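Chemist: Spelled out from the first residue to the last, the chains are:
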Amino acid sequence: METILGLDLPTWWFLVIGGLITGYGVLDGFDLGAGALHLFFNKEESRRLVLNAIGPVWDGNEVWLVIAGGALFAGFPLVYGVVFSTFYIPFMLFLVALIFRAISIEFRSKEPWKWWRKMWDISYSVSSIFITLLLGLVLGNLIHGMPFNKEHEFTGTLLTFFNPYAILISFTTLALFMLHGAIYLVMKTENRLYAKLTILVNNCSKFFILCFILTSMATLIYVPHMTQAFKHAPALFILPLIAVLILLNIKRNIDSRKYFTAFVYSCIIISCLLILFAIGLYPNIIISNTDPANSISIYAAASSAKSLKIMLIIAAIGTPLVLSYTIFVFWTFRGKVKLNEMSY
Amino acid sequence: MPSVEILSRIQFAFTIAFHYIYPPLSIGLGVCLVIMEGLYLKTGLPVYRDITRFWIKIFALIFGLGVATGIVMEFEFGTNWATYSHYVGDIFGSALAAEGIFAFALESGFLGVLLFGWNRVSKGVHFFSTIMVAFGSIFSAIWIVIANSWQQTPAGYRIEGHDLGARAVITDFWAMVNNPSSIDRLSHVLVGAFLAGSFLVMSVGAWYILKGKYIKHSQAMFKVGLSVAVIAALLQLFTGHRSAEYVSKYQPAKLAAMEGHYDSLAVADMYIMGWVNTKEEKTTGIKIPGGLSFLTHGSFSEPVQGLRSIPKEDRPTAVNFVFQTYHLMVAIGITLIALTLTAVVLLWKKQLFNHRWLMWIFVWAVLLPQIANQLGWYAAEVGRQPWVVYGLLRTSDALSKKVTADQVMFSLILFTLVYMLLFVLFIFLLNRKISHGPDITDEDEDDSEHFSKRNIANIPA
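Same order as they appear, the protein sequences are chains A and B. The first sequence begins at 1 in full-length UniProt numbering and counts up by one. The second sequence begins at 1 in full-length UniProt numbering and counts up by one.
These are computed hints drawn from the structure, not numbers from a lab. Just so we're clear, the structure is a prediction, and the values are computed from it rather than from any experiment. Accuracy of the hints is not assured; some may be wrong.
[What the hints assert, rightly or not] Covered stretches of chain B, as calculated for chain A (at least 3 residues, CB under 8 Å):
(1) 99 to 108
(2) 168 to 178
(3) 374 to 382
(4) 411 to 420
[Unchecked claim] Here are the simulated DSSO-like pairs of lysine-lysine, each with C-alpha atoms no more than 27 Å apart in a straight line:
(5) Lys402/B to Lys110/A
(6) Lys150/A to Lys433/B
(7) Lys402/B to Lys338/A
(8) Lys123/B to Lys338/A
(9) Lys251/A to Lys196/A
[Said to hold, decoys possible] Okay, the calculated beta carbon distance ranges per label pair:
(10) Gly156/A to Arg394/B: 28 to 36 Å
(11) Gly6/A to Leu421/B: 47 to 55 Å
(12) Val244/A to Met420/B: 44 to 52 Å
(13) Ile159/B to Gly6/A: 31 to 39 Å
(14) Thr171/B to Ile209/A: 34 to 42 Å
(15) Leu220/A to Ala318/B: 53 to 61 Å
(16) Tyr299/A to Phe428/B: 50 to 58 Å
(17) Met73/B to Leu220/A: 34 to 42 Å
(18) Pro112/A to Gly391/B: 51 to 59 Å
(19) Lys114/A to Trp360/B: 52 to 60 Å
(20) Phe330/A to Lys349/B: 38 to 46 Å
(21) Thr335/B to Tyr299/A: 42 to 50 Å
Even for Gly, the Cβ is constructed at its ideal location relative to N, Cα and C.
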């Protein structure tokens with residue numbers, strides 16, 4: 001098989017999609033988290049400030065999901081079809097939640113009426129929480145494995161998705177995004193709102209540490225295939241170790257109110273956890289927990305070598321572009337958020 | 001309960017038709033915004049800044065709905081059409097990935113600057129962002145239409161595997177991109193989008209003129225809209241003709257359905273209007289005898305392949321539907337040319353804004369390009385049935401194997417309810433924005449320094 005720098009093409013594409021999903025987690029993670037925390041703020045001005053803190057960037061962040069979806073379609077069409085048709089109802093609800101979240105942000109401040117704003121505030125926060133939980137649930141099921149037969153057909157029911165492990169992962173995701181979002185918001189605000197957020201950040205970090213410990217134990221005990229790769233290459237054990245160290249660092253930086261550093265670390269921990277997940281999964285994308293032979297590997301699912309190569313070129317041209325204007329936009333809107341007549 | 005196929009097709013048709021209200025508007029508005037802001041930079045007149053800011057807000061509303069309903073489309077391929085996704089992924093995927101990475105990211109990234117960046121970046125950088133957003137929306141159309149065109153006229157591929165495991169594999173990227181219908185369909189779609197956006201601008205301008213509000217602003221926006229619309233309307237004649245030519249060459253069954261032409265041995269007529277009796281396979285109406293023969297072969301007397309020569313299972317069933325949608329689209333296209341040319345002549349005579357009847361027509365004419373865009377797609381997509389990938393994959397074979405009719409029924413009802421709500425909210429908010437009108441800055445003052453002070457003073461409590 002053709003290789004580039006010692007890695008075959010499906011592996012490269014696995015890395016690209018992993019990179020996109022990580023980008024999505026790091027970027028949309030904080031605005032979903034901010035959404036999940038939205039109702040903790042009671043004053044109208046505070047709500048507008050936290051909404052406008054993500055105002056110029058949330059749309060660009062969500063694009064990473066769209067690109068990741070497109071990349072999955074392009075690189076592993078089999079998986080794209082299998083995953084989305086298997087998770088049919090959850091995905092439809094996910095899409096509706098994405099719609100409601102988008103219009104809530106867009107519509108909320110367009111009218112001054114109290115009931116109107118309250119309605120969209122609730123819709124915004126609930127949809128943010130729902131989206132995060134659902135993302136976590138899908139992730140949890142992918143880690144845990146699902147019953148698949150030889151024809152790559154799902155043999156479980158809707159209830160199969162709601163296994164305790166997946167539910168745990170979905171709450172861990174929520175905790176992580178809430179922490180990530182809270183750190184982002186505390187960087188962007190000042191005065192009373194800042195003071196309130198410092199407390200919130202602290203609570204979020206405790207919530208996440210608890211979830212993190214539970215998830216680590218549950219994974220070690222109930223999901224042995226995730227740790228297989230680490231047994232083969234013990235050097236990889238450094239990664240979970242790094243994750244723990246970073247977590248401690250986040251806590252330390254929060255305590256000493258170095259929020260920018262804390263934010264950088266929370267970006268790294270999201271990446272780190274997704275890398276752990278990717279290592280556990282590789283070279284499979286979908287793990288069958290009834291018979292490992294029915295798992296779908298990247299080699300079975302990949303598009304043709306030619307197609308993968310073309311798309312790697314597209315990604316190689318596109319990624320620096322996307323990164324450069326992402327950085328440009330974040331740089332333009334750096335500093336504390338202020339309201340003006342164009343704000344949400 | 002109807003079958004999974006019917007339900008999935010209804011759901012796809014409904015969600016894409018609803019989605020397609022928005023992207024053409026953003027593409028067309030994007031062009032108008034570039035002109036408006038360009039005029040502001042060139043002349044420094046506050047009126048252009050005011051209308052730019054006004055239309056950016058409306059652009060954001062439309063863009064938001066376009067994104068919200070567009071994400072549904074991307075994932076719907078996987079949820080409802082898993083076999084199709086597997087079949088075309090190798091080819092379609094690269095176009096979709098390119099769309100996301102080149103177009104959508106550009107558009108969404110710079111939209112933030114457009115909306116919230118007035119006081120944070122210089123005028124030049126803001127204008128640059130406007131251009132990027134406009135480009136982003138056009139790039140988006142390019143990749144999506146290429147993917148769709150590949151399904152109409154596949155090229156640059158080979159088939160691997162067989163039966164349900166078969167899939168199309170790319171052999172030549174540029175042949176895929178530049179497949180026989182890409183350019184014709186893309187230009188037709190883009191010009192249709194320019195019409196949709198510019199007619200919205202004119203509609204709002206005309207409304208203010210009729211109400212005697214924002215005289216300077218409304219005339220300025222109307223002129224910007226008209227300048228785009230008149231060029232687009234005339235161009236559409238040309239791109240439309242090119243599109244018809246490719247159809248006649250590559251999709252004879254669709255062409256025959258568009259003109260209700262059944263008999264392969266007969267000279268083919270071109271109808272101005274008419275009715276297809278699909279049972280008796282007969283078409284009646286006002287026609288140009290031999291018109292279709294002329295379009296296809298350049299001669300009024302040469303026969304054209306008719307529907308009867310195509311096996312029943314390989315030809316579209318809804319012939320009258322294709323016929324009517326196609327003819328209505330053409331009729332609207334001609335109307336748009338007449339409308340815009342009339343307006344241009346009157347503008348030249350400096351009488352345009354005195355003709356209230358014409359202003360009233362323009363208020364409502366915003367619906368015409370929208371309807372024509374929709375109808376054109378109906379004709380194109382229904383006309384290629386029963387194929388989802390022309391000549392290669394049947395729509396009925398393209399479904400997800402695991403999805404049941406109950407599930408699709410559930411999601412269809414869900415989307416119907418949500419989209420009805422979305423549409424009501426869209427119209428409501430659009431209407432509020434229009435009645436609020438542009439925020440007008442003092443005409444006499446020079447803008448720059450004073451302007452930012454005003455901004456600070458305007459911050460709501």
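Chemist: For each hint, tell me whether it holds in the structure or not.
Modeler: Evaluated hints:
1. Given as covered by chain A, the stretch 99 to 108 of chain B passes the check, having 8 residues with a CB less than 8 Å from a CB of that chain where 3 are the minimum.
2. Against chain A, the stretch 168 to 178 of chain B contributes 4 residues with a C-beta closer than 8 Å to a partner C-beta. That satisfies the three-residue criterion, and the hint holds.
3. Check on the stretch 374 to 382 of chain B: 0 of its residues sit with their Cβ under 8 Å from a Cβ of chain A, so the three-residue criterion for coverage is violated.
4. Taking a C-beta to C-beta cut-off of 8 Å, the stretch 411 to 420 of chain B contributes 4 residues in contact with chain A, enough for the three needed, and the coverage statement holds.
5. Restraint check: the Cα-Cα separation between lysine 402/B and lysine 110/A comes to about 42 Å, which exceeds 27 Å; the hinted pair is violated.
6. For a cut-off of 27 Å, the pair hint linking lysine 150/A to lysine 433/B is broken: about 56 Å separates their Cα positions.
7. Distance hint between lysine 402/B and lysine 338/A is unfulfilled; the C-alpha atoms sit about 50 Å from each other, more than 27 Å.
8. Proposed proximity of lysine 123/B and lysine 338/A is supported: the alpha carbons are some 20 Å apart, at most 27 Å.
9. A C-alpha spacing of about 17 Å is found between lysine 251/A and lysine 196/A, which places the hinted pair at or below 27 Å, so the restraint holds.
10. About 30 Å separates the C-beta atoms of glycine 156/A and arginine 394/B, a value consistent with the hinted range of 28 to 36 Å.
11. At about 53 Å, the CB distance of glycine 6/A to leucine 421/B agrees with the hint of 47 to 55 Å.
12. At about 50 Å, the beta-carbon gap between valine 244/A and methionine 420/B stays in the expected band of 44 to 52 Å.
13. About 32 Å separates the C-beta atoms of isoleucine 159/B and glycine 6/A, a value consistent with the hinted range of 31 to 39 Å.
14. Roughly 53 Å separates the CB atoms of threonine 171/B and isoleucine 209/A, a value that falls outside the hinted 34 to 42 Å.
15. Between leucine 220/A and alanine 318/B the beta carbon distance is about 59 Å. The supplied range of 53 to 61 Å therefore holds.
16. Hint check: tyrosine 299/A to phenylalanine 428/B, Cβ distance near 52 Å, so the stated range 50 to 58 Å holds.
17. For methionine 73/B and leucine 220/A, the hinted distance range of 34 to 42 Å is satisfied, since their beta carbons lie about 41 Å from each other.
18. The hinted window of 51 to 59 Å between proline 112/A and glycine 391/B holds, with their beta carbons roughly 57 Å apart.
19. For lysine 114/A and tryptophan 360/B, the hinted distance range of 52 to 60 Å is not satisfied, since their beta carbons lie about 38 Å from each other.
20. One distance hint, 38 to 46 Å for the beta-carbon pair phenylalanine 330/A and lysine 349/B, is violated here, with the actual separation near 52 Å.
21. Checking the proposed 42 to 50 Å range against threonine 335/B and tyrosine 299/A shows it is violated: the Cβ atoms sit about 56 Å from each other.
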